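Visitor: Chain residues, written in single-letter form:
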Amino acid sequence: MSLLQIRGLTASVGDKPILRGIDLSLNAGEVHAVMGPNGSGKSTLAQVLAGNPAYEVTGGSVTYKGQDLLEMQPEERAQAGIFLAFQYPVEIPGVSNAYFLRAAYNEVRKARGEAEVDPLEFADLMEERLKIVDMDPAMLSRSVNTGFSGGEKKRNEILQLAVLEPSLGILDETDSGLDIDALRTVADGVNKLRSRDRSFIVVTHYQRLLNYIVPDYVHVLAGGRIVKSGGKELALALEEKGYDWLTEGAHTAEVGA
Amino acid sequence: MSSSIESLITKEYAAGFVTDVESDTLPRGLGEDIVRTISKKKEEPEWMLEWRLKAFRRWQSMPEPHWPNVKYDPIDYQNISYYSAPRKQKTLASLDEVDPEILRTYERLGIPLNEQKMLAGVAVDAIFDSVSVGTTMKAELAKLGIIFMSLGEAVREYPELVRKYLGSVVPYSDNFFAALNSAVFSDGSFVYVPKGVRCPMELSTYFRINAADTGQFERTLVVADEGAYVSYLEGCTAPKRSTNQLHAAVVELVALPGATVKYSTVQNWYAGDKEGRGGIYNFVTKRGKAFENSKISWTQVETGSAITWKYPSVILQGDNSVGEFYSVAVVNNCQQADTGTKMIHIGKNTKSTIVSKGISAGQGNNSYRGRVQVLPKATGARNYTQCDSMLVGNRCGAHTFPYIEVANDSAIVEHEASTSKIGEDQIFYLKQRGLSAEQAVSMIVSGFCKEVFKELPMEFALEAQQLLGITLEGSVG
Numbered sequence: 001m002s003l004l005q006i007r008g009l010t011a012s013v014g015d016k017p018i019l020r021g022i023d024l025s026l027n028a029g030e031v032h033a034v035m036g037p038n039g040s041g042k043s044t045l046a047q048v049l050a051g052n053p054a055y056e057v058t059g060g061s062v063t064y065k066g067q068d069l070l071e072m073q074p075e076e077r078a079q080a081g082i083f084l085a086f087q088y089p090v091e092i093p094g095v096s097n098a099y100f101l102r103a104a105y106n107e108v109r110k111a112r113g114e115a116e117v118d119p120l121e122f123a124d125l126m127e128e129r130l131k132i133v134d135m136d137p138a139m140l141s142r143s144v145n146t147g148f149s150g151g152e153k154k155r156n157e158i159l160q161l162a163v164l165e166p167s168l169g170i171l172d173e174t175d176s177g178l179d180i181d182a183l184r185t186v187a188d189g190v191n192k193l194r195s196r197d198r199s200f201i202v203v204t205h206y207q208r209l210l211n212y213i214v215p216d217y218v219h220v221l222a223g224g225r226i227v228k229s230g231g232k233e234l235a236l237a238l239e240e241k242g243y244d245w246l247t248e249g250a251h252t253a254e255v256g257a
Numbered sequence: 258m259s260s261s262i263e264s265l266i267t268k269e270y271a272a273g274f275v276t277d278v279e280s281d282t283l284p285r286g287l288g289e290d291i292v293r294t295i296s297k298k299k300e301e302p303e304w305m306l307e308w309r310l311k312a313f314r315r316w317q318s319m320p321e322p323h324w325p326n327v328k329y330d331p332i333d334y335q336n337i338s339y340y341s342a343p344r345k346q347k348t349l350a351s352l353d354e355v356d357p358e359i360l361r362t363y364e365r366l367g368i369p370l371n372e373q374k375m376l377a378g379v380a381v382d383a384i385f386d387s388v389s390v391g392t393t394m395k396a397e398l399a400k401l402g403i404i405f406m407s408l409g410e411a412v413r414e415y416p417e418l419v420r421k422y423l424g425s426v427v428p429y430s431d432n433f434f435a436a437l438n439s440a441v442f443s444d445g446s447f448v449y450v451p452k453g454v455r456c457p458m459e460l461s462t463y464f465r466i467n468a469a470d471t472g473q474f475e476r477t478l479v480v481a482d483e484g485a486y487v488s489y490l491e492g493c494t495a496p497k498r499s500t501n502q503l504h505a506a507v508v509e510l511v512a513l514p515g516a517t518v519k520y521s522t523v524q525n526w527y528a529g530d531k532e533g534r535g536g537i538y539n540f541v542t543k544r545g546k547a548f549e550n551s552k553i554s555w556t557q558v559e560t561g562s563a564i565t566w567k568y569p570s571v572i573l574q575g576d577n578s579v580g581e582f583y584s585v586a587v588v589n590n591c592q593q594a595d596t597g598t599k600m601i602h603i604g605k606n607t608k609s610t611i612v613s614k615g616i617s618a619g620q621g622n623n624s625y626r627g628r629v630q631v632l633p634k635a636t637g638a639r640n641y642t643q644c645d646s647m648l649v650g651n652r653c654g655a656h657t658f659p660y661i662e663v664a665n666d667s668a669i670v671e672h673e674a675s676t677s678k679i680g681e682d683q684i685f686y687l688k689q690r691g692l693s694a695e696q697a698v699s700m701i702v703s704g705f706c707k708e709v710f711k712e713l714p715m716e717f718a719l720e721a722q723q724l725l726g727i728t729l730e731g732s733v734g
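Chains L and Y supply the protein sequences, listed in that same order. Taking my numbering as reference, the numbering of the first sequence is continuous, increasing by one, and the terminal residue is 257. Taking my numbering as reference, the numbering of the second sequence is continuous, increasing by one, and the terminal residue is 734.
Isolated chain Y, as found in the complex (with noise of 0.2 Å):
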């Protein structure tokens, strides 16, 4: 009767194609030469070069951390190229002038780039390797005064507001991971939105991998000052390559005062083959800073990857402060993750709320790490945590880590936590209804991870409802 359940097909990744594009790649391997060469690439000041050597010199001197619930070969740091773009780089006017080859790969991903598809209302900047290709609708948000770039153009014109906020969340010394990124990103999106302007439209970034061996390091920075209100989605797909390829990103949200930040997260990065063989290493640090009477909502729908390793935080600086944190991760086959959040309340009548969806199948390993904490000052802080598991076929993993650190006694901290497994009987009463097997899976798990859907933009939640649809096809036959 299991051997039904344990009859895995899973449908080819549709994002797995190459695009033969003429690219600029730097050698592998890493040195304060590498570093030096990304920046004058990208002509960043003085002042820019220094912080990615200061950060570089940081990393050489940690250790790589092996603490997540994970397994994976020792990662050769000198045989990744830290730079690729797209040859033919001169300053893009406009999207006309991008390679017609990478405009049909985001054709391909669906991907909004071209003028009329504007109109749809989604503001997108996409990521090809290391550079970006084009920013929509940029002439639109600059009326409001948002700024929303990649951030090497941000770097060069608007110097002062990135380098305020860069790392201004996550140090560049704050692990292992961040400090390489620090040292060789090579671009990623800005966005400032100004004093009490509400954001018309998501604005959206798509990130690509395409050349081999190379890794991605991308880094975002989104700034809402006093009153703003911003909802970012980003997206990530990569082509299928039997080698390992990082991607090792940095986010940083900062809510000011009375500000909110959404930031919505689609990652279907290729997750390796059946046997495990490739896929994309996601170690990404995302944190936001929360001042007072702001919010910082993220929303992640995790699908790809071989190996995922992100802990989407806030800090709950100000008082009155809140965070959320809605989460759908997903494993198959050998997919492993390692994925949660850190809630830490300072300020006064910080509130967070955690909802976590695990969902585990084939022999996937999906663990739950979060940690709540309340520091002394942080009078009336309020945490709710909610976690579900729930296993498909009886060869995959849940695990929960949950920490909870109170140090304020006035703290109120709940955390609810369910395990459950799709049952033979829900998908044999769903087929007796006329539904296929994956229809009842789908159907099951899309139930499961409702509460996090709904915190979507909604074509994105039909987005993401499909991919889990496409993850798990064939995991019950």
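Next comes chain L alone, as it looks inside the complex (with noise of 0.2 Å):
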């Protein structure tokens, strides 16, 4: 059975459809990556799987480890396994990084049934997932994402990752900004928690980081649908030829409609 089912999925900002109609299913350990240009739909997606209030779901279905998914609270979907790493990390003033992961660790162990860990156990477990994005323990007593630079943004959402060890990893765009070294230290730490039975969505403008994280599969949005899917494969043939190619029937599409 697939981890994730998505079936027709539409979505809206305000009254602008973004989402005209996703089919997509990704098995346990799959890497899937989500490729298109800019205002495609696929930061949407990763934030509609999320349940980000800010769109609105208008038709289709999705079905996450045999749940409604569309059903569920933005943290329930959490609970249940399901990570997003931001594009824009946003800033949490005064709260250390330490306290608010392990306020979320313990909110995810609570949800599986397992009790919550005291700060000194937390600190073992910190110690030990640091070390998979490179991390300086000084970060830990910053306050959550205030004053990080882009690249220790997104290696911090990584170590978020790491520590809250979802079924279902979405990145969102997290190679935007990075410059070369960054960007390898973020694509190793994914590519240490790869797993049997853990999976990722990959969403990316360009192809770069796809040579470090190697999906399984490649997907192209264009105007809100999914226009080709292939392997990993279809990602170099993108980074010849653009995604014109690919997007001049969806733009066709959308200005029929």
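Everything labelled a hint here was simulated from the structure, so no lab data went into it. In this text, all values refer to a predicted model and were calculated from it rather than measured experimentally.
The following label-pair restraints were derived from C-beta to C-beta distances:
(1) L:Tyr88 x Y:Glu708: 19 to 29 Å
(2) L:Pro137 x Y:Leu418: 45 to 55 Å
(3) L:Glu56 x Y:Pro320: 51 to 61 Å
Backbone N, C-alpha and C fix where the C-beta goes; we use that ideal spot for every residue, glycine too.
Dock chain to chain to rebuild the complex, using the hints, since each chain is given by itself in its own frame.
Guide: Put into structure tokens, the structure is as follows:
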């Protein structure tokens, strides 16, 4: 049985339709890249799966682990193992990264029927997880994302992913704004976290991230629809030819609609 | 989208119950006879009565101030009872003699009044309506020469000390509410820490208004003699009632040369219901006088009351004296707060720090009002003010009224201010990590208030944080 099944999903922001019928199926352990030009709806798809109330789902269905995902609150989705690495991680001034992470970790554990951990146990866990993203422990005592550089913010997202151990990690343009070294560190972190029972949706504009995180499948989104799906070689074709050869049809459809 | 931020559900006010005790309550109304009766009931010396009467006459000639940025119906001062005490009042030798109903009330409020809990290390004076019902750890403190008792007792037992300092910081003629308090104050706490003594525990007073249609007019006087140190905390609750009740208190702090006084307040008076019915009018005058090399630090967490009007201030009288004001003021539903501080720099090289965090939710209206005044002789005076407002939802208000008056060229005065809004994006981010909306708001707000919370004694910092969570519970859905 598939982990995630998206059928005919449509969504809008305000009156503006963004997703115009997405169909996508994903099995445990698979990595799917979702690519597309700006405004194609890639980030919207990521936000809708996470339950961002700024987006309105207007049709279709999403089944996650056999449950109706669209009926679930964002925190219930998180507790059920959906993790969104944000394109623009949000700053929470005055709240230490460690405090925030432990609170989140304990909520997820509670949902799984596991006991909460105290600060000491958590410190041990952190010591080990920090290594995955090669992060300075001093970052834990700083306020969540506050004053972090772009690279630090993205690394912090992957650290959170490493701590919360989701079944489905959604990376929303995690590569944007990263220099090559930071990109490699972040990608290495994700690769260490790949496993047979953890799937990823990697949303990206550029192919370069996929040199490091090699996907099982690539989908191209244009005008709110998946216009092409294929293996990892599709990403390379896009790198070479750009998006235009795939998106012309989509634009026509949009004008026609 | 904004509707999610607007769906406010306020958690029931947990301290809103009424205790059924027989009480001895004076008839409503205020005149010289009432002032005399209060003084007589308290077996006060003649000078105390004279002082009260002077205050009363002064009060009669004063207009009620209307400059604060708050709105309320006129208060009928003749429709309030100015004294209420649990009956069977006799001299209480120990807590065992206190009406068990009252002790149960404090138990429900989590106030450690009984002897075992005293070992927890906090000395508590509890004021129920108008009178003090028991001061714990008195004996322990007495060994160090520290006096901690109700002001009523102190007037009788240490008249010379009380007479010397009462009204020395807030004179009875200071303002309308201070004059009213001076005329009818019923009880409160008195603290005296002798020269060079460091008070080894937190001193704490718990105020509780119980009887209906009464006002509470307590008066607190804290004197730290040369080189002494004391940390003092007050907490407040009241039952839920549909009418407004007046609370007009006065707190005076005296820090003699080299002394330190730290005064913390967690104020959770009943705030009224969602439509703004009922709740406490908290019109309070708090001021400290700091002599050479001394320090006065105010920390307040104000979450309750229908209306709050208070400006804990420091007169930096002596050279090198230090004044601090750390404040969190939260308004939700129809609450209004006009609060801030005054730092009056008189001595040379005086320093003051103001950190004010205002949080407005629902239709609440929050104003910061502050005055930093540097007098001509205050060479080298230094002030830093940081004034931050946070808005939750889009029907609330935040206002800032800073007054800065500098009459000495060498002074350095800084003022920083910011206004932010709890963002849907912040809440979504935290929810995406598995936290509920309530946890998310509580976390964001606690982060916002961190600089103030760290000034509170630890056990109270936790309490304050929880209180904040409860006050704002459901303010974002």
